[in-house]
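So the protein lines, in turn, are chains A and B.
Quick note: the first sequence uses UniProt numbering, first residue 1, plus one each step.
Quick note: the second sequence uses UniProt numbering, first residue 1, plus one each step.
If you're looking for bench data, these hints aren't it; they were derived computationally from the structure.
Even glycine gets a Cβ: it sits at the ideal position worked out from N, Cα and C.
Accuracy of the hints is not assured; some may be wrong.
[As the list claims (entries may be wrong)] Here are the computed distance ranges between Cβ atoms for each label pair: (1) A:Thr235 with B:Pro295: 26 to 32 Å; (2) B:Gln169 with A:Ala236: 51 to 57 Å; (3) A:Gly304 with B:Thr55: 29 to 35 Å; (4) A:Ala392 with B:Gly59: 22 to 28 Å; (5) B:Thr130 with A:Ala366: 50 to 56 Å; (6) B:Ala126 with A:Gly304: 31 to 37 Å.
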Amino acid sequence: MQLFRLAGRVVLRHRGLLALYVVMLGAFGWLMASYVGTDSSAYEAARPTVAVIDRDGSAVSAALAGCAAEAGELVELPDTTYALQDAAAKDLANYVLVIPAGYGEALEAAAREGAEMPELECVVSYSDARGSLADQRVRAYAQQFYALLAGTGLSVDQAVACAEEARASEGARLEVGVIESGDSGALPTDYLVFMQFSTYALFGGTAILIACGLRSLGRDQPVTARLLAAPVSDTARGTQLALACLGVGLAVWAAMGLLGALWCAESLAGSDVRLAALAQVPLLALACVGAAYGYLLWGLGATGDIAHAAGNMGSMVLTFLGGTWVQQASMGAAVTAVARLTPIWWSVHAMGAVYASDGLTGELVASVLTQSAIVALFAVAIAVAGTALARARARS
Amino acid sequence: MTDIVRVEGLVKRYGQTLALDHLDLAVAQGEIFGLLGPNGCGKTTAINCILQLLTYDRGSIELFGEPMAPSRHDLKRRIGVVPQQVAVLDELTVRENVDAFCALYVPDRRERRRLVDEALDFVGLAEHATKRPRRLSGGLARRLNIACGIAHRPELLFLDEPTVAVDPQSRNAILDGICRLRDSGATVVYTSHYMEEVEQICGRVMIMDAGRAIAQGTCDELKRLIDAGEKIVAQTGPLAPETLARLEALPCVRRASYADGELRVDCAPAAHALVDVLEELRAAGVSCGRVWSEPPTLNDVFLELCGRELRD
């Protein structure tokens, strides 16, 4: 096993690659997990600063002013051209609503005649999106008036009362509906997110470490003559180097698992350790796929630049299809169909099954192991292709 | 003496190119055997075939009296290789490199430690043991290349141009080391483009061209093969053309030329023409400064046999 040890030692000397593809990518996963794991009780609804210039003085304008005021913190603004320009320039309010004179009557007339709604004038802050939220709310409210006046025989006062009542009940519902997030599965969400992001390192990091780290032991390198002249059979040499690749995959998997356990220790404290370990099985299989891909690149004699490009691009595509960057539920049917043909889809689904489970069951274990075996088959297929291509290349 | 390497009728083709054309080679135990030839003549191909790094089309190869094959690990264990390029791993230190390649032959760690220490001492790299190869000078890197090939104490060592691009001091150290290896019982097959090196250390030499052995023997035997004798060089005053013609007319002289105050006379083989040439110059009233005579060198033999035209 001298070649195996030599290969391992050579890879470990590539500390820059290890730091970049294991530690830094692990830290990135941890950052994402930390963000997702934020306590939902710390959530605060956006409160834009709102100014209302009511030049109409009708019941409709009063109701709109009330709606705008309720959407945020009301600030006083004199109704002068200078004050309005100053407010816009200095961003004194996130949202300035100007209700023109005669707006109430114009709205009623438009509704009765089926004409277009009259326009509201407004200034939305350039600095953030909170003003837009207030604007949406006010415009939706105005549309409510329009609909009530157009669709029913209600008077303006009745329509205002009706809309106010609806707004009051909606507000109550909104208060109750403030995002309720938390860990609903058997494993903490931040751990799941960390594992999801660790797939990049497990696939791409492993592949690049192997393709670049073992490059000096590859074909067409000066040491080849020494290695081939040594009393080591082709089979033993190939086996030891393949095992070394597998060893790199195992090491990256172990490192990512350890980092995940350390960084998510607090949230993992109350979880079933067996489930956390089970969720690592599909990741181990994925690391083997990364190792096989690295072996393929190495066998083809990929240069450092090509190995980095192929490893990162492969990882980007796979993690995208695995739903790391965009949820799989948001993807189109065609993309999902393609994703099913990749190993990461099976890995992520196996992890998701563990996350969503109520506890460790034989059925769950069987399902995870089956999906992990499918992932491992990808590794075998890629490794066989790599060996065949490398041999064909050697013969040529 | 027993032949350690015996090659008969070796043929190797690269497509339409005939790289080795029925090459015969025999290297006796304990000798340093030189392989000479212009670039692309088949020296490295021959070594690679002997080491079974390349397949060959025809011929037989015996090492230590036994047929060589890719699976003959027992024979490979007794062989050391020093490739033309510095073949070491930049990721490892000097000591780790020697240890790593030695480990392919010697599994026992304790024994290996001793062998590695000896190899580092042998090439004078002990004080650089913890350095990475890229921090070594060209000469030190070449010595590391040799250490990696000899640490396991091979009985047969192939050295493929080990002194390329090294300074004279390092070259001397390397050549000294090779002679010490021979003295300790190793057989060495040595390729080089430096004729004076080959002449200095090799007991027998083979000159190859176009994949064939065109001459073989000791340096003296090879020198006797070519139609050239000593060269006389004399620093003289101005020389009249008729004097030069009289010199060329001497029976022992092949050719005479004069340029920049230096007279050069190429003599016939085995002729001792110095007295005749000096007598002729005295008769012509030509005064001489320094005068010296050069016997034919291996370089002359090489150029005579392989031609003076440039190769690819």
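Status of the hints after comparison with the structure:
In this structure the hint that Thr235 of chain A and Pro295 of chain B lie 26 to 32 Å apart at CB is violated, the actual value being about 55 Å. Taking 51 to 57 Å as the suggested C-beta distance range, the pair Gln169 of chain B and Ala236 of chain A does not conform, at roughly 41 Å. Restraint check, Gly304 of chain A to Thr55 of chain B: a C-beta distance of roughly 31 Å satisfies the suggested window 29 to 35 Å. Ala392 of chain A and Gly59 of chain B have their C-beta atoms about 27 Å apart, which keeps the hinted 22 to 28 Å range intact.
As the Cβ distance of Thr130 of chain B to Ala366 of chain A is approximately 53 Å, the hint placing it in 50 to 56 Å holds. With their beta carbons about 33 Å apart, Ala126 of chain B and Gly304 of chain A fall inside the hinted range of 31 to 37 Å.
The earlier numbered hints that this structure contradicts are 1 and 2.
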